[in-house]
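These protein sequence lines are chains A and B, in that order. Throughout the first sequence, residue numbering follows the working numbering, covering 980 to 1094 in sequence. Throughout the second sequence, residue numbering follows the working numbering, covering -3 to 110 in sequence.
Since the hints were made in silico from the structure, they are not lab data. Bear in mind the structure is a predicted one, so any value in this text is a computation, not a measurement. Be a bit skeptical, because a hint or two may be false.
[Said to hold, decoys possible] Only pairs whose alpha carbons sit at most 25 Å apart, straight line, appear in this in silico PhoX-like list of lysine-lysine:
id, chain 1, residue 1, chain 2, residue 2
1, A, 1020, B, 74
2, B, 74, B, 51
3, A, 1046, A, 998
4, B, 74, A, 1019
5, A, 1023, A, 1001
6, A, 1020, B, 51
7, A, 1019, A, 998
8, A, 1019, A, 1050
9, B, 66, B, 51
10, A, 1023, A, 998
11, B, 69, A, 1020
12, A, 1020, A, 1050
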Amino acid sequence: DTAVSQTPKYLVTQMGNDKSIKCEQNLGHDTMYWYKQDSKKFLKIMFSYNNKELIINETVPNRFSPKSPDKAHLNLHINSLELGDSAVYFCASSQDFKGLTDTQYFGPGTRLTVL
Amino acid sequence: AQTVTQSQPEMSVQEAETVTLSCTYDTSESNYYLFWYKQPPSRQMILVIRQEAYKQQNATENRFSVNFQKAAKSFSLKISDSQLGDTAMYFCAFSKNTGNQFYFGTGTSLTVIP
């Protein structure tokens, strides 16, 4: 069974479009994340949600908006896509123990290409 | 601020040999977790090994082991009997005790040569 799933795996779109990436975890975790991995493989956190509440919101353009309908889902909406948004986006989840964030489980990634 | 540094952008090793990937971190926290993640060409992020800072014993997982030096803030990964399937990008990561925050290093690209 897939622990953290993302759809779609590949997304090719035109500049200016609005797109969404979905993420679901079946691990019962309380915390979910979105990361962006650029062309140099650098992983940068974008958002973190704990029990549907926004915990971390790094310096990310307002065009990016996470939405968590329940604690098993964290979707990423991107408006007015730009060329620089091309990257691989990873969803992850973790269970926190006594305030410590333990192992993060990653989805397979979504390769977004903006033309 | 927490930082994680991987000073080796690329490394290679002969199949069946041993290789060590280095990682240093900076934190004022006393309790935290450290991780090594592997990202093969399939780009899936896979947990390799984790270490709890309060445990002095180094973590091991089959052919993978760490050398955790808390005072030196060093967390290196040793891969024994390297296999072709170990070819991947390896990321060191740090998790502190508040804020649900993970900090990743910039990665080391490891190539196992047949």
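Results for each hint:
no.: 1; hint: 1020(A) to 74(B); in the structure: holds, 22 Å
no.: 2; hint: 74(B) to 51(B); in the structure: holds, 18 Å
no.: 3; hint: 1046(A) to 998(A); in the structure: holds, 13 Å
no.: 4; hint: 74(B) to 1019(A); in the structure: holds, 24 Å
no.: 5; hint: 1023(A) to 1001(A); in the structure: holds, 18 Å
no.: 6; hint: 1020(A) to 51(B); in the structure: violated, 31 Å
no.: 7; hint: 1019(A) to 998(A); in the structure: holds, 23 Å
no.: 8; hint: 1019(A) to 1050(A); in the structure: violated, 31 Å
no.: 9; hint: 66(B) to 51(B); in the structure: holds, 10 Å
no.: 10; hint: 1023(A) to 998(A); in the structure: holds, 20 Å
no.: 11; hint: 69(B) to 1020(A); in the structure: holds, 24 Å
no.: 12; hint: 1020(A) to 1050(A); in the structure: violated, 28 Å
Checked against the numbered hints above, the structure violates hints 6, 8 and 12; every other hint is satisfied.
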